Every structure is written in structure tokens, then in C-alpha cells.
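Participant: Given the coordinates of chain A, assemble chain B onto it according to the supplied hints.
Listed in order, the protein sequences are those of chains A and B. Okay, so the first sequence: first residue is 6 according to this note's numbering, each after it adds one. Okay, so the second sequence: first residue is 798 according to this note's numbering, each after it adds one.
In case anyone wonders, no lab produced these hints; they're calculated from the structure. Incorrect hints may appear among the rest.
Here are some of the chain A residues that sit facing chain B, going by a computed Cβ distance under 8 Å [what the hints assert, rightly or not]:
(1) V193
(2) I196
(3) L199
(4) L254
(5) I255
(6) V261
(7) L262
(8) F266
(9) P269
(10) R274
(11) I275
(12) F279
(13) A285
(14) S286
(15) P289
(16) I294
Note that this is a predicted model, so its numbers are computed, not measured. Beta carbons: idealized from backbone N, C-alpha and C, even for Gly.
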Amino acid sequence: MKNYWWKFLGVLLLIYTFVFGLLTPLKTGITAASPYSLQAGQTQVVTVQGYNSFFTKEKEKLRAWLKTGSEFALAASQIEAVDDRTVKLTFHVPAHLPTDSKVKDFTLLIDSPADGASILPGGLSIKQDSVNEAAGKALWTASPISQLHEKEAITFPFRNILGETIRNTYYHVPMWMAMFIILIGAVVFSIKYLINPDADYDRKAMALTNVGLLLGILGLITGAIWAKNTWGKYWSWDVKQNMTAIALLIYSAYFVLRASFEDPEKKARISAVFNIFAFASIVPLIYIIPKLTDSLHPGAGGNIAFGSQDLDNTMRMIFYPAIIGWALLGLWIGEVILRTARIRERILDA
Amino acid sequence: MNLFSQILYLLHKEITLEWRQRYAISGILLYVLSTVFIVYISFQNIGPQVWNVLFWIIMLFASVNAVMKSFVQESGYRQLYYFQLLHPIAIILSKMIYNALLLLVLGVLTFTSLAFIAGNPVQHAAEFALVLFLGSTGFSITFTFVSAIAAKADNSSTLMAVLSFPVVIPVLLLLVNLSAHSIGLLGGTEMGDKIMLLAAVDMILVALGLVLFPFLWRD
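If we strip away everything but chain A, and leave its shape as in the complex, we get (with noise of 0.2 Å):
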């Protein structure tokens, strides 16, 4: 019992993320606004869409506005919950806007005692005719928006595109870093060989790049699944995604250098010498070259990474066990992989 609690807490950690990673609901979000385009010094209805929002419940104390920076935004004058999902605003848009272009996209706020505070950045745009700044700022100053409520509940943030998908957070990414600490193993036991030839490191690196490999594909796997559902296609010839493919391919490699050696020492010194070789070469294929290229991938080309804002303190209690289940579990997947590689030796030699 004592030297096996690392497989139970393993275990229990992905149990706890895999029960509080899909239960927890969603923040209230807004998914959708229509007409997306008002007219400035129009009275305007705009219907909006919601996402496990409970408009009804205390309607009364509903309250919306457009927002843009800051400290310009513009109350709704008449707010009508139809039903828990959808809300129908009505905006007496000023003459001009507090802006010196035509054009100008606004966030849309809605805030309610029950849902908290929710947004649509750059959900609407307005046209304006004649472009007067100064005007424009004092019309949009006239209601302030003032005490947003907080949920209650706990729950992931909503993010607009991404929805549900954020959960993938406790998967992909995960399973990836765990991929990392494994690999990192595996060429730390390579190493060792190389200093000390005992054929148990070999095979300690062997089961360890096993794993990685087996975390790769996952990771891959997943990603490629959420990028269907955000970006559109399983394989968007992204960089991030080609630069993982070809990693997988070097540690493919790394098998069938293994495979082509008869005599066992030879084929684990060589291999290790393969191993660190391969890891040398992957760092600036996953770091380095997709910060090169536009990716579309979140923390790169321009966009957010979910660790500097979408990551918040919710989503971090599952996070970080999320890494060290798989971890764990990764580790005694390789552990089984190890005894059968020695099992199988002494049944050879004997």
C-alpha cells in the first residue's frame, strides 16, 4: 500500500477533474445580438441571445448597456425578458457618437442580480452621420454604469466562440505538459545511461518515451477535436499543429532506430544517444518556430493565451491536479511498460 498511493492520487485527481472539469456550469454569456448594426439617433430594438442565463428571474432588475472604453456607455431605456434565454433591449442612440469616425464597434453589458455582469466585446456597431466628438462624449456620459453584480455560483468563465470548449483546457493542455515532464524523464534517464551503462535505465527511458508518445497523440488528438469546433476543421494546417506532428514523427524515429539493432547494448547506447538528439531538436520545433508564424493557436500569432486572462481561479483548482493526474497516470502506464520489458528479458535469458 505504502508504494502505490502515487497511482491512487493519480487516479483521484483525474476523477475530481473529470467530475468538476464537465459539471461545473458555464458563466452567463451572451452568444449572439441582432440587428448587429444600429443607427445613431434612431430608437432601436436589439434582441439578444443568452447562454445559461435566467433573464426572467428578476427582470425587473435587469439593466444593459453599450459600453466603449472605460467611461462612455449608454443605458437601455426599455428591457423586455422574453424568456431565460432571450432579452430584447431598447436603445435611444444619441445623435453622435464620442468617437471622430463613422463607425464605431460597442460592447455589449448586461447585468443582473441572478446571472452577474455579462458581455458581448464588440457585439454591436454604430453609424453615425455627422462626426462631433465632443457632443459625442458628453451624450455617452449620461449613464454611468454603476454596481454590477457577481454569480454567486461557482463557474468557468464564458468566452465568446470557444462556449463549452473551454473545458478542453483540462485535456489537451494537461496532457501535453504531462507529455513534457515524460519526455524530460525519459532523456534524464537517457543521460544516465550514457554515464552509466545499466540496461535498466534503457529500458526506464524506453517505457518513459512510450508514454510521451502515447500523451502526444492524445494531446494531438484532443486539440485537433477542439479545433473543430472553434476553428472550423480537425486539421487547419496550423503551425503549432504541423510542428507537433513532426515531433511525433521524430519520436516515432526513435522506435524504429530501436527495432533496427540486434545486440541489446548497442541499441540502448545508441538509442540514448538518439533520444537526447531528438529532444534537442523538438524544443525549437514546439518553442521556438510556431512564435515565428501566425498560428491561430491560443498564445500565439496575436492571440490570448488562456493563462494571461481566460485562465481564472476556478478553472486553476482543476487545472494544475488535471497536470499531475495525467502525470501520474502517464508514470504508471510506464511502469507497467517496464516490468513487461523486464519480465520479457528474464524469460528470454532464462
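Facilitator: Same frame as chain A, now just chain B:
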């Protein structure tokens, strides 16, 4: 003999050997010429973008073929002889330098023949020359090291392709990117950074090759 004179001596040996049995180098040169011609016949009209990619693909395949023999051709007895006389670092370094020179010649030949047949789209000649130099160095380092690994196995020619192509892709991508800039296909001002990056990748690969080769060597 110290390391430096060992390297010089080995380089001298490589070049003499190559010169005496000219069939190897003339084979590679003919390989490049016929590939360029086949490419020309298949494409007929080669725009700058295609030119750039074709140039590096021809370089890639010609380089693999040229470098593959560097360890495979040496017999076991000669390896044993080297092992008693020389430092392993001298051997791998001399091979890398020799192959870099060979690939540079190959690159110049590929460039001239492609420019002769399909026109010369290069606008910044000095930059292109620098990229070509860094490219042949990078190819030479990677392929020399991989051929040292592949030579240990029986099916060395398959292994050579399987092991070296994925590993060389970062270098290849940087090269295509940089030479696209020297052709005038890409704007962008951060080319200095990319050249530094390419040089850095080359340095890392050399360092790894030097550290790891002594382990490959002893049989």
C-alpha cells in the same frame, strides 16, 4: 598531435580521398543537375515562390545523398584504426566541416543551374549567400550526426531518411523563410533575429553532436 592539427589532417585526407575517387562527387553533382532538369521539365514555368521551395527541396535530397556516405563508406577496420589514433571530436568535427564545404559547393551548383534554367529571382545576393552558408552548415551538422547513428545499423539508408528528415525540418523551415525574404517574397524586418536563431540552432546541434559522438563511437 593536438586536436586542431588532427582536424586539419583529417580534412586534408577527406579532400584528397574525394579528389582521387572523383566518381562520388561527380555522381552527386550529376544528381543535382538531372534533378534540376527534371524539375524544369515538370514545371516549365517557375515563379519565385516555387523557385524558393524547389531550391531547398533539391538541396535537401542532394545533401542527404552526399552526406550519407560519410560514415557508411568507412570500413570497420579503418574505424578501428582511427579509434586508436585520433580523438573522436576531431573525427566528427572534420566530417562536419568537410560536409559543410561539400554542401556549399552543392548549393552554389544548384543555384547556378536553377538560375540558368529558370531565371534568378534573388534580390539581396549577400543575404542569400549568408542563408546558403548557414543552411549548408545546418544540413551538414544534422546529416553528419544522423549518418553516424545510421551507419551503426544494417538498414542504414532507410534509417538515414527516417531519422534525419523530421530532425532537419526546423532548420529547413527557417531557411525557406529567410531565403523567401532575400528573394523579396516576404517583407518584415526581423530577419536579423531569424538569422541569429538559425545560427543558434546550428550551434546547439554542433554542441550536442560533439558531446554525444564519443558515446556513439566506441563499439
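Participant: State for each hint whether it applies.
Facilitator: Hints and how they fare:
1. Given the 8 Å rule on beta carbons, the hint for V193 (chain A) is violated: about 15 Å separates it from the nearest Cβ of chain B.
2. Interface hint at I196 (chain A): violated, since its Cβ lies 10 Å from the closest Cβ of chain B, which is beyond the 8 Å cut-off.
3. With its C-beta approaching chain B no nearer than about 5 Å, L199 (chain A) sits inside the 8 Å limit, and its interface hint holds.
4. For L254 (chain A), the interface hint holds, the least distance from its beta-carbon to any beta-carbon of chain B being 4 Å, beneath 8 Å.
5. The beta carbon of I255 (chain A) comes within 4 Å of a beta carbon in chain B, closer than 8 Å, and the hint placing it at the interface holds.
6. Contact between V261 (chain A) and chain B, as hinted, is supported at the beta carbon level, the nearest pair being about 5 Å apart and thus within 8 Å.
7. About 6 Å separates the beta-carbon of L262 (chain A) from the nearest beta-carbon of chain B, less than 8 Å, and the hint is met.
8. Given hint, F266 (chain A) at the interface with chain B, holds; its Cβ is 6 Å from that chain's nearest Cβ, closer than 8 Å.
9. Below 8 Å, beta-carbon pairs count as interface contacts, and P269 (chain A) has none with chain B, the closest being about 14 Å; its hint is therefore violated.
10. Taken as an interface hint, R274 (chain A) checks out: its beta carbon lies about 6 Å from the nearest beta carbon of chain B, inside 8 Å.
11. Hint on I275 (chain A) holds. Least Cβ distance to chain B is approximately 5 Å, under the 8 Å limit.
12. For F279 (chain A), the suggested interface contact is upheld, since its CB lies about 6 Å from the closest CB of chain B, less than 8 Å.
13. At about 5 Å, the closest approach between the beta carbon of A285 (chain A) and any beta carbon in chain B falls short of 8 Å, and the interface hint on this residue holds.
14. The criterion of a C-beta within 8 Å of any C-beta in chain B is met by S286 (chain A), whose closest approach is roughly 5 Å, and the hint holds.
15. Given hint, P289 (chain A) at the interface with chain B, holds; its Cβ is 5 Å from that chain's nearest Cβ, closer than 8 Å.
16. Restraint check, I294 (chain A) versus chain B: the minimum CB separation of about 6 Å is within 8 Å; hint holds.
Hint violations for this structure: numbers 1, 2 and 9, all remaining hints satisfied.
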